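Chains A and B, in that order, give the protein sequences.
If you count the first sequence from 1, position 77 lands on 77 in UniProt numbering, and the numbers rise without skipping.
If you count the second sequence from 1, position 54 lands on 54 in UniProt numbering, and the numbers rise without skipping.
Treat the hints loosely; a few may be bogus.
Here are the simulated SDA-like pairs of lysine to any residue, each with C-alpha atoms no more than 20 Å apart in a straight line [stated by the list, open to error]:
(1) Lys12(A) <-> Lys78(B)
(2) Lys78(B) <-> Leu371(A)
(3) Lys135(A) <-> Ala112(A)
(4) Lys12(A) <-> Gln143(B)
(5) Lys78(B) <-> Ala112(A)
(6) Lys12(A) <-> Lys116(B)
(7) Lys78(B) <-> Leu376(A)
(8) Lys12(A) <-> Pro141(B)
(9) Lys121(B) <-> Gln187(A)
(10) Lys12(A) <-> Leu137(B)
(11) Lys63(B) <-> Pro41(B)
(12) Lys121(B) <-> Thr7(A)
(13) Lys173(A) <-> Gly117(A)
(14) Lys78(B) <-> Arg375(A)
(15) Lys116(B) <-> Phe8(A)
(16) Lys78(B) <-> Phe8(A)
(17) Lys205(A) <-> His139(B)
(18) Lys116(B) <-> His302(A)
(19) Lys121(B) <-> Leu3(A)
(20) Lys116(B) <-> Thr5(A)
(21) Lys116(B) <-> Leu3(A)
(22) Lys78(B) <-> Ser379(A)
(23) Lys15(A) <-> Glu169(B)
(24) Lys12(A) <-> Leu138(B)
(25) Lys15(A) <-> Lys116(B)
(26) Lys173(A) <-> Val267(A)
No lab work stands behind these hints, which were simulated from the structure alone.
Here the structure is a predicted model, which means the values were calculated and not measured.
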Amino acid sequence: MRLETITFNNLKRRKGRAIFLLTGLLIGVATVVALLSLTNALAERARNELESFGANILITPRSDQLALSYGGITLGGVSLTAHEIAEDSLAAIGTIPNNRNVAAVAPKVLGAVEVAGGRALLMGVDPEVEFGLKKWWQLMGSRPEADDQLVLGSAAAARLGLAIGDTLDVSGKRFRISGVLQQTGSQDDQLLIARLPVAQRLLGKPGQVSLVEVAALCANCPISDMVNQISRALPDVEVQAVQQVVKTRMHAISQFRIFAWGVAGVVILVGALLVFVTMMGSVSERTREIGIFRAIGYRRSHVLRLVLVEAGLVSAFAGLFGYLAGVGVAVGALPLLGDGKAVWHFDPLLAASALIAAVVVGLLAALQPALRASRLEPSDALRAL
Amino acid sequence: MALIRISELTKHFVNGADCVSALHGLDLAIEEGTFLGVMGPSGSGKSTLLGLLGGLTRPSAGKVEIDGIDLYRLSNEKRADFRREYLGFVFQSHNLVPYLTALENVMLPLAVGRMKDVEKKRFAAEVLERVGLKDRLLHLPQQLSGGEQERVAIARALVNKPPLILADEPTGSLDTTTSRQVMELFSELHREGQTIVMVTHNRDNLDWFDRTIFLRDGQIVEEINQRPETPARECA
Numbered sequence: 001m002r003l004e005t006i007t008f009n010n011l012k013r014r015k016g017r018a019i020f021l022l023t024g025l026l027i028g029v030a031t032v033v034a035l036l037s038l039t040n041a042l043a044e045r046a047r048n049e050l051e052s053f054g055a056n057i058l059i060t061p062r063s064d065q066l067a068l069s070y071g072g073i074t075l076g077g078v079s080l081t082a083h084e085i086a087e088d089s090l091a092a093i094g095t096i097p098n099n100r101n102v103a104a105v106a107p108k109v110l111g112a113v114e115v116a117g118g119r120a121l122l123m124g125v126d127p128e129v130e131f132g133l134k135k136w137w138q139l140m141g142s143r144p145e146a147d148d149q150l151v152l153g154s155a156a157a158a159r160l161g162l163a164i165g166d167t168l169d170v171s172g173k174r175f176r177i178s179g180v181l182q183q184t185g186s187q188d189d190q191l192l193i194a195r196l197p198v199a200q201r202l203l204g205k206p207g208q209v210s211l212v213e214v215a216a217l218c219a220n221c222p223i224s225d226m227v228n229q230i231s232r233a234l235p236d237v238e239v240q241a242v243q244q245v246v247k248t249r250m251h252a253i254s255q256f257r258i259f260a261w262g263v264a265g266v267v268i269l270v271g272a273l274l275v276f277v278t279m280m281g282s283v284s285e286r287t288r289e290i291g292i293f294r295a296i297g298y299r300r301s302h303v304l305r306l307v308l309v310e311a312g313l314v315s316a317f318a319g320l321f322g323y324l325a326g327v328g329v330a331v332g333a334l335p336l337l338g339d340g341k342a343v344w345h346f347d348p349l350l351a352a353s354a355l356i357a358a359v360v361v362g363l364l365a366a367l368q369p370a371l372r373a374s375r376l377e378p379s380d381a382l383r384a385l
Numbered sequence: 001m002a003l004i005r006i007s008e009l010t011k012h013f014v015n016g017a018d019c020v021s022a023l024h025g026l027d028l029a030i031e032e033g034t035f036l037g038v039m040g041p042s043g044s045g046k047s048t049l050l051g052l053l054g055g056l057t058r059p060s061a062g063k064v065e066i067d068g069i070d071l072y073r074l075s076n077e078k079r080a081d082f083r084r085e086y087l088g089f090v091f092q093s094h095n096l097v098p099y100l101t102a103l104e105n106v107m108l109p110l111a112v113g114r115m116k117d118v119e120k121k122r123f124a125a126e127v128l129e130r131v132g133l134k135d136r137l138l139h140l141p142q143q144l145s146g147g148e149q150e151r152v153a154i155a156r157a158l159v160n161k162p163p164l165i166l167a168d169e170p171t172g173s174l175d176t177t178t179s180r181q182v183m184e185l186f187s188e189l190h191r192e193g194q195t196i197v198m199v200t201h202n203r204d205n206l207d208w209f210d211r212t213i214f215l216r217d218g219q220i221v222e223e224i225n226q227r228p229e230t231p232a233r234e235c236a
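Modelling step: build the complete structure from the supplied sequences, incorporating the hints.
As structure tokens, then:
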């Protein structure tokens, strides 16, 4: 028999208090784990949804000649006449260290074209990526699925007097209008949007793009790191972070975190108080026992160990089962929150933290009662008979 | 040579504004192998004396030496070690740990030692067998009778083979027959050379002791030295 045997037998044969303490702590750990798991899943979903706010990194040709304003963002050096970006070089973005954080790469070619009665700005895009990235675009009709299809901005459609199904000659090539964008209030309203290869041919820029919008998800690294990584991968271009979008995104995620940690803090505090009160009660109830232990020659450190091993053991169980319960709650609750797009992922750090935090909180909360127990004078404890 | 030497032992208790004196300058020497009875009315200082002999509380003045060791010059932790090595306690109302079996209760003093688990079990089982509880090893205290619980308490006091056993009213809560059995057990230990100091208010126990001191108001008022004899059994 060792000191720990006494603790095991106490827990085994006096289950009531142990179960009360275990349940209380377990609920605490489960709440924290469920909350953090939900927050992580929801934050991830929020990050994904935030993509609808648009790109957060712009890649433009290195140029110091002309400035072009697009999408409300003034770009330093997009030249319509100077050199463009080679489309092939964009594959290098997939090789950067944080390539998993790159959500979308939307290359586009821009150029002036002749249309009936004047000039207009033609933009060639990859429709799937572009329309995916710009979820605020309200499209009547369909995307330009075929090479002879064209989508018009609302202002362009009005000025040219065209509707869906009409045809338009652009620099000598006939297009059918497949869709018209509803008014966005931006320069998108002025655009003619065609598929990228067609636009490249019409503008005489085969294999070239004028600008690339990149949507990066970077919860745990500064977006400036990704800008630097892309700059290194594409040394001949200008890479800029669109700070406003980045900051909005980070702010939304950090708000989730602050809320979760705030609640977690309160729950941890309540858990600690529960352990403290229960262990204090346990020590008072066991004053007589502690007196016996001290009288038969147990040192203060032995009594301290008895109380702390008990608290540590119960806390470890509470941590383990609390984590499992918390995950169960999170997995069960996720489909009920939002549209089911949020998914739970195993987070080993959270699992380890739950276990370690439960034990640390349990031990810290039990320290004062344990010290009190160990300081009991044997004669005082035995007088409590 | 005296195993225990008590000199000028004084103990006061502070109770609110009052200072209650439990022992006044007590001097006492107890030879090795003595079965000493400490008797006296309630509040005479019997239990205080036992507590001071056991290193459970500090004296207000005076000295307690056991086997040449000045008990209250030791640190708290050293005094705990001393209790483990030198003393066996038998408390009033048994004081067994309710969630431990008889065997585990007896092993308690060994739990913090370096002995192997098998050895601890063997020692504890042997002592329990010695006190006649061979068949009760795995019983919890609540499954044992009062006399059996008392014998477990005695076994626990014996398991680490201490030079001195201190017993506080061990028969206080037992019926006459069981009391007698328990006293016979103590007497047997005494015959084997065990030094025992027993506090009791039961005059029937007087005949078991080879020396008895009577306390009143914290002082020895009478002392009887007698040859230990096993009292004649009463007719059933």
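A quick look at each hint next to the structure:
1. Lys12(A) <-> Lys78(B): Judged against 20 Å, a Cα distance of about 32 Å means the pair is violated.
2. Lys78(B) <-> Leu371(A): holds (18 Å)
3. Lys135(A) <-> Ala112(A): Violated: Lys135(A) and Ala112(A) sit about 25 Å apart, past 20 Å.
4. Lys12(A) <-> Gln143(B): OK: Lys12(A) and Gln143(B) at ~17 Å, within 20 Å.
5. Lys78(B) <-> Ala112(A): The hint is violated at about 95 Å.
6. Lys12(A) <-> Lys116(B): violated (23 Å)
7. Lys78(B) <-> Leu376(A): holds (16 Å)
8. Lys12(A) <-> Pro141(B): holds (16 Å)
9. Lys121(B) <-> Gln187(A): violated (89 Å)
10. Lys12(A) <-> Leu137(B): holds (18 Å)
11. Lys63(B) <-> Pro41(B): violated (24 Å)
12. Lys121(B) <-> Thr7(A): holds (18 Å)
13. Lys173(A) <-> Gly117(A): holds (15 Å)
14. Lys78(B) <-> Arg375(A): Status holds; Cα separation ~15 Å.
15. Lys116(B) <-> Phe8(A): Holds, at roughly 19 Å.
16. Lys78(B) <-> Phe8(A): violated (27 Å)
17. Lys205(A) <-> His139(B): The hint is violated at about 94 Å.
18. Lys116(B) <-> His302(A): holds (18 Å)
19. Lys121(B) <-> Leu3(A): holds (14 Å)
20. Lys116(B) <-> Thr5(A): Given that 20 Å is the threshold and the Cα spacing comes to 14 Å, the pair holds.
21. Lys116(B) <-> Leu3(A): holds (13 Å)
22. Lys78(B) <-> Ser379(A): holds (16 Å)
23. Lys15(A) <-> Glu169(B): violated (33 Å)
24. Lys12(A) <-> Leu138(B): holds (15 Å)
25. Lys15(A) <-> Lys116(B): This hinted pair is violated, its Cα atoms lying about 29 Å apart.
26. Lys173(A) <-> Val267(A): With Cα atoms ~67 Å apart, Lys173(A) and Val267(A) exceed 20 Å; violated.
Checked against the numbered hints given earlier, the structure breaks hints 1, 3, 5, 6, 9, 11, 16, 17, 23, 25 and 26 and satisfies all the rest.
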